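**Q** Residues per chain are reported as follows:
There are 6 protein chains.
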Amino acid sequence: MASKFLPSFSLPSNLVLDSLIRPWLLEDIGRGDRVTQALMVKGSQAKSATWIAKENGIVAGLPIAARVFQLLDPEMEFEVLVKEGARVMTGETLAKLSGPFEALLTGERVALNLAMRLSGIATATDQFVSQLEDLPTRFADTRKTTPGMRILEKYASQVGGAVNHRMGLDDSAMIKDNHIAAAGGIAEAIALVRAQIPYPLTIEVETENLDQVQEALDHGADIIMLDNMGLELMREAVQVIRAGGDRVLIEASGNVTVERIRSIAETGVDIISSSAPMTRSTWMDLSMRF
Amino acid sequence: MASKFLPSFSLPSNLVLDSLIRPWLLEDIGRGDRVTQALMVKGSQAKSATWIAKENGIVAGLPIAARVFQLLDPEMEFEVLVKEGARVMTGETLAKLSGPFEALLTGERVALNLAMRLSGIATATDQFVSQLEDLPTRFADTRKTTPGMRILEKYASQVGGAVNHRMGLDDSAMIKDNHIAAAGGIAEAIALVRAQIPYPLTIEVETENLDQVQEALDHGADIIMLDNMGLELMREAVQVIRAGGDRVLIEASGNVTVERIRSIAETGVDIISSSAPMTRSTWMDLSMRF
Amino acid sequence: MASKFLPSFSLPSNLVLDSLIRPWLLEDIGRGDRVTQALMVKGSQAKSATWIAKENGIVAGLPIAARVFQLLDPEMEFEVLVKEGARVMTGETLAKLSGPFEALLTGERVALNLAMRLSGIATATDQFVSQLEDLPTRFADTRKTTPGMRILEKYASQVGGAVNHRMGLDDSAMIKDNHIAAAGGIAEAIALVRAQIPYPLTIEVETENLDQVQEALDHGADIIMLDNMGLELMREAVQVIRAGGDRVLIEASGNVTVERIRSIAETGVDIISSSAPMTRSTWMDLSMRF
Amino acid sequence: MASKFLPSFSLPSNLVLDSLIRPWLLEDIGRGDRVTQALMVKGSQAKSATWIAKENGIVAGLPIAARVFQLLDPEMEFEVLVKEGARVMTGETLAKLSGPFEALLTGERVALNLAMRLSGIATATDQFVSQLEDLPTRFADTRKTTPGMRILEKYASQVGGAVNHRMGLDDSAMIKDNHIAAAGGIAEAIALVRAQIPYPLTIEVETENLDQVQEALDHGADIIMLDNMGLELMREAVQVIRAGGDRVLIEASGNVTVERIRSIAETGVDIISSSAPMTRSTWMDLSMRF
Amino acid sequence: MASKFLPSFSLPSNLVLDSLIRPWLLEDIGRGDRVTQALMVKGSQAKSATWIAKENGIVAGLPIAARVFQLLDPEMEFEVLVKEGARVMTGETLAKLSGPFEALLTGERVALNLAMRLSGIATATDQFVSQLEDLPTRFADTRKTTPGMRILEKYASQVGGAVNHRMGLDDSAMIKDNHIAAAGGIAEAIALVRAQIPYPLTIEVETENLDQVQEALDHGADIIMLDNMGLELMREAVQVIRAGGDRVLIEASGNVTVERIRSIAETGVDIISSSAPMTRSTWMDLSMRF
Amino acid sequence: MASKFLPSFSLPSNLVLDSLIRPWLLEDIGRGDRVTQALMVKGSQAKSATWIAKENGIVAGLPIAARVFQLLDPEMEFEVLVKEGARVMTGETLAKLSGPFEALLTGERVALNLAMRLSGIATATDQFVSQLEDLPTRFADTRKTTPGMRILEKYASQVGGAVNHRMGLDDSAMIKDNHIAAAGGIAEAIALVRAQIPYPLTIEVETENLDQVQEALDHGADIIMLDNMGLELMREAVQVIRAGGDRVLIEASGNVTVERIRSIAETGVDIISSSAPMTRSTWMDLSMRF
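Chains as they are written, first to last, in this note's numbering: chain C, 1 to 290; chain G, 1 to 290; chain E, 1 to 290; chain V, 1 to 290; chain S, 1 to 290; chain L, 1 to 290.
Quick caveat, the hints were computed from the structure, so don't treat them as lab data.
All values derive from a computational prediction rather than experimental measurement.
Here a beta-carbon is modelled for each residue, glycine too, at the ideal position from N, C-alpha and C.
Errors might be hidden in some of the hints.
Taking CB as the label site, the calculated pair distances span [to be verified]:
| hint | chain 1 | residue 1 | chain 2 | residue 2 | range |
| --- | --- | --- | --- | --- | --- |
| 1 | S | D177 | L | D18 | 28 to 38 Å |
| 2 | E | L210 | C | S48 | 39 to 49 Å |
| 3 | L | D18 | S | T50 | 38 to 48 Å |
| 4 | S | P23 | E | R260 | 44 to 54 Å |
| 5 | E | K54 | C | T50 | 46 to 56 Å |
| 6 | E | E232 | V | S98 | 48 to 58 Å |
| 7 | G | L210 | V | T50 | 29 to 39 Å |
| 8 | C | T50 | G | N255 | 17 to 27 Å |
| 9 | G | N228 | E | R260 | 48 to 58 Å |
| 10 | L | K96 | S | D177 | 14 to 24 Å |
| 11 | C | Q45 | E | L210 | 49 to 59 Å |
| 12 | E | P74 | V | S263 | 40 to 50 Å |
Here are the simulated EDC-like cross-link-like pairs (lysine to aspartate or glutamate), alpha carbons at most 20 Å apart as the crow flies [unchecked claim]:
| hint | chain 1 | residue 1 | chain 2 | residue 2 |
| --- | --- | --- | --- | --- |
| 13 | C | K144 | G | D177 |
| 14 | C | K47 | G | D177 |
| 15 | V | K96 | V | D285 |
A few chain G residues that don't get close to chain S, going by computed Cβ distances all over 12 Å [said to hold, decoys possible]:
| hint | residue |
| --- | --- |
| 16 | I21 |
| 17 | T36 |
| 18 | V82 |
| 19 | G230 |
Input sequences plus hints: build the corresponding full structure.
**A** Structure representation (structure tokens):
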């Protein structure tokens, strides 16, 4: 598999990828690719094909698509022609494939489905990120991801210019309103959580008003999320938190749109998170041509 | 688990569902739900919650969400208040949950992610289907589905009013342009495939012009897909095929929009397929309240 | 792995095969091949061996046997000397193997067990199929297969000259007496099923008398199974169905023997199905010689 | 699940059984039991059914069939009416089932396939075993079993009256001709193997003549297999071995038929092994009636 | 399953535990618990037993042992009599078990192996932790854990009084000497890592001298590890870091013994990490009595 | 992968090893090796490293460590410089590694954890075994092994000079006090077990006094374990058993220490088993240097 580009984004090793891709291929193949198998009576042939963009957008997932084909047949070649994260135009050639006919045909749909979904996410993410240009505020994703696809969807988010938020329930501790209620208050919740979690993990607290912001700040939250606050309230919250230095990261969340994101950023928050690139984006249209 | 509604759509048995849901839960939980585990020091408590629609739409996936919680804790109750496929309004209560606090909190995100994605698909499907009201033409999905989610996404498509197209490469034989080229023609491709596939399976042939339509018809295709044809050409193709009786199903595909679908249907095709409800829809916003 | 023969029958890709073969090898190896491991102290040696037929029969499964050895050691060579489906005689050499001694010894039993079972099925199938020579009627298998082996047993059935019936509960809809009873009649059952299944799937109805045949015919069954009917009744049923054209496939089932199959075929049915090659066949004796 | 019989034979715990049965159910169900799911629109109903013998034979596998249904639905009841190993006649009722309609229908084929194959093995085994009545010689199975089914097929063999031979390559060390050749002789092979295997494991040596028998005896084989010897040679071999006491078990193998087994036993061997009940038996016909 | 104690430490939900325990049970059971299965011919009996400490120590893992038995048979009762983390004496009764005889016998070894290993870790951890009494410094574990057991071994570490370090390569970013070399310096490494990781994750830098400490501090490390430094150097490093406030956590590692740990803590570091409770501890002897 | 040494000990084939190692790598990697992935932006580099002993001891597990790296990247080279079981000194180089930087870093911890644990076991085993030099008595392990690691820990035990005891509940039948009680006596227990187990399996009986020894002997036990007996009683038991010839193997167990083992051996027992090398050993310190 040839590629002239460095892997600029965080993809886990093939051991991890393969454990995801194998069941996805089996989902589509089921008990066998009926048509391709029937054609094999005529013998296996080496073929080549190209991948073409059918929409403008930001490309993500080509190295993963390459792995899809290789798991079907190690002789498959998938030459990536554009860098992950490249802005491409309708009609542009993204990759050249060659290898056994049957792997090309059997793998086509799964590989395209992945790349189309991931490129769609990258493209939508880019629309938010590009509003923040020249500002220090970063754009982050959430845990609203398609079940089974989180690692790859968060990879696409990164390709689109976002910084990833936590990957699951275990790599950072987010204390939400229901946790606070169960614990009996923000102070109690932070204390319980700090006492139990691996020490390098950070604690984030969701807050809805200045009192909660102050309580989270006083009890050592590492990240304070301003949840669904208006711009004015956000500005006040940022002031309150910054009064204690810049030790604490401030995340804004809720009602984040492309139109509104820049004004949120200008309140001084460090991070703006939104699930929109996962839940409100469309797939980028790509196709394979022989 | 109580429900006052019959299962009106095709959900496979729990054995199949569980094999999907378990890895999705483990994806989110990772090595443990840090915050919820920490709160357990205060003891497990029974809690109740509701699921609320935050957008208008067609609901799909509540029985699956119920199963998510039950796999975490068999004591969880998830009472579905609206029928799958119901049209709901912002603010409507969709389900009542009760059970151990920790299962409620740990399962919330995966369950909501599933129901939001599936309801989004059902809602988008409904927009196409409702254009076909009073026409005999049915709307179908495609194999452009999120890897790992096909069974559930196609279920949501059905909930939204569509009929499912084939589920994978093995339950129907679709002969596409590349297969035709490899076989040396439509006649040859049909012959090779018919000789190999399980006999109850149907053969569908993708066609781009009337010559191909005629060749597919002459060699016994069960379904003829009119791929990316204009309305006029479609009408002619339908006439050609119907001249041989109504044995053959006619599927139209390509450039299917909500605006255009009715005029396609009026050409007399039996089925119109589109990936748009999977690839162009947004998730329906739902939330859980304690 | 060298082979001079085209794959004339429908084997799924290695990704599917490997997911079957790996647990079968682990079943036999358990915590380790005690004797072979002990011999390894003397070092690994390359060896060669042959596979010999110890009975006359139809060979099936050699490419699968080859894969068994390759999963143990990618350096294993397994040269197939006879085409799948070839009629071989006692003493005939079927394949030449060479590679690391330990893979040869550890893989021998699983590979032979597979090929013996599959060749036994192909041989028994051939006995039925050869009775149908020069008739249009085809011979089909059923869902009576050894749990876990269906894909391969149905492959062997095809090698033996049969056409496969459906592969599972999901790639065709077979409405049986209990379904009819639960639905409240054939018409109701067909209506319920047609409304729910993927549209390319066919519906087959099991019938026991002419009334049922007529009802199935009237309500659009794609395949009508004449279940355990006498020859006279079958002839009448065929007449009834053909009166409506040749849109509907007719399958005969029940009490199918090598002696009786030709007379069944002569009633004009399209398909005769029987589980006998799976449930009444013996394994073909094969052995490996160093 | 009710049963009035003790488990008289060696079935592993449900944890082991379930890991076998689950993938077998998924093999048949695939993406869903199309017909049964469609009928569910009319609601789930409790039904009852019986299992009937359609051939005379020895029944095996009913507790396993029960588990098949329970894995589909824990509410399924499967009352076993005849003891494992019972000799039953055509028409006899073997079990009563009741529970949700959909579990009954979806599980039927897998459960019957298992019980039919296992009862066929038990029945065939019984034919060999009954020839040995009043003799001390026992009948044993081999490693020629259907891939994936070994634990259950060997269970059926036991139900039919056999004693199991080793279960895999790891629970006893069988030194065969190729091992002997690779080691440089029987003495060398035994020495290498004894030095490496877990100490409670026995060593069996395949022998073809009296020299080999003597060598195996001299170097401490625990079991000596007389492979494909004539009756006369077997008698001599038994004498040679018994001269050294009865420490060593003697197994006869090769060319074992129902007709010949008693004369083999009368040579004085301890065990006669044959794969015939696995490789030469037919399935016992059973059916389910509502 | 009865327990009068709150779960005071971080155990993940049963979904996670079960995915660990099932293969461990299958490892021991293999193809069946030979002796227990044989005894079942006499019928299943309910039995009770107790777990007894045969050494003084800190108990950990009893809820996990309970789950082992329940996975074998849901009817098993395992009443925990001492709280996780309790200091027990030789002869003390730790738990009462009752349930089907076969589950008691089959599960005994796996359950005891787990509890013995985990209690051994808790006991050894306690020896380090008790040296830190009245000091603010906490004791932490490392990634030197038995493959496959990390979640449970880290749980035992917590039961013994430690705070967990990161759970794997993905929930915190530890920059080591080889990473620094590859990146071209601490500054470069921190920049590369910060740009790629999920934003809530912390970055820890391993340092060997004051220059490295200063560089890590200047470039925004969240945690600075003083690796194998002498006490004097550690004190200086702490001073350097504290000069910048208490934003940065300081971890000491290397050459940590029970004798030396207090003097390390007195240098003012926040955390002292050591693999010794995993790699240098012995299992606590426990036994089951009927 | 180069190695100049023969595999002198019983390692199962890679198919078995890989099924163990893959989940262990995934346990550590989780959703990705954060730091290594971030460094990949600078491109992949080939690096080399060495493994060094940081303690004196007996090395075990280097071929397994090699496989860990190869599963991450097939291009990894791991040249073993010392034979399994070699006695090495602090500072000695054990292996040379080279290959892609990211595989070296990502695999380091899992590979080292395995080799350190296994070398610790081999080293501790050697201390017992070396006490038996010039005596015929062999030293054996037990089923007290870390869950999930039994095959490898027993391999290390063998490397350290022990002979393995049974590998699980299924490859030999050990009748313990609770089994005896349930069966109603040793004679009854042996009879039940002998009737059910595969015939090549041996039966071992745990005995606590001479009466039990005699009963076990009289009823055909293959191995008699003298459980926790004093030296005098052991000597008497050996005499009783040897009076019947040397057909029966005698195992001593309980209170086995390095100091006491030789005197136990001198009672004439064949095998002395102890879990101490698994439960009382420390890991051997090894490190990887670039």
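**Q** Within 28 to 38 Å or not, the Cβ separation of D177(S) and D18(L)?
**A** The hint (28 to 38 Å, Cβ to Cβ) holds, given that D177(S) and D18(L) are roughly 31 Å apart.
**Q** Can the suggested window of 29 to 39 Å be confirmed for the beta-carbon pair L210(G) and T50(V)?
**A** 58 Å, violated
**Q** Between K96(V) and D285(V), does the CA-CA distance stay at or below 20 Å?
**A** Distance ~17 Å between K96(V) and D285(V) Cα, so the pair holds.
**Q** That 38 to 48 Å hint for D18(L) and T50(S) (C-beta), does it hold up?
**A** Once the Cβ atoms are compared, 41 Å apart, the range 38 to 48 Å for T50(S) and D18(L) holds.
**Q** With 48 to 58 Å as the target window, see if E232(E) and S98(V) comply at their CB atoms.
**A** 39 Å, violated
**Q** Note whether the CB distance of N228(G) and R260(E) lies within 48 to 58 Å or breaks it.
**A** 51 Å, holds
**Q** Would you say the C-beta atoms of Q45(C) and L210(E) sit inside 49 to 59 Å of each other?
**A** 51 Å, holds
**Q** Taking 46 to 56 Å as the stated bounds, is the beta-carbon spacing between K54(E) and T50(C) within them?
**A** Holds, at about 52 Å.
**Q** Compare the distance between the alpha carbons of K144(C) and D177(G) with 20 Å, and conclude whether the hinted pair is satisfied.
**A** Status violated; Cα separation ~38 Å.
**Q** Is 17 to 27 Å right for how far apart the beta carbons of T50(C) and N255(G) are?
**A** With a Cβ separation near 22 Å, T50(C) and N255(G) satisfy 17 to 27 Å, so the hint holds.
**Q** Holds or violated: 40 to 50 Å for the Cβ distance of P74(E) and S263(V)?
**A** The hinted range 40 to 50 Å holds for P74(E) and S263(V), with Cβ atoms some 48 Å apart.
**Q** Non-interface claim for G230(G): all C-beta distances to chain S beyond 12 Å?
**A** Given a closest Cβ separation of 49 Å, the condition holds.
Hints 2, 6, 7, 13, 16 and 17 from the list above are not met by this structure, while the remaining hints are.
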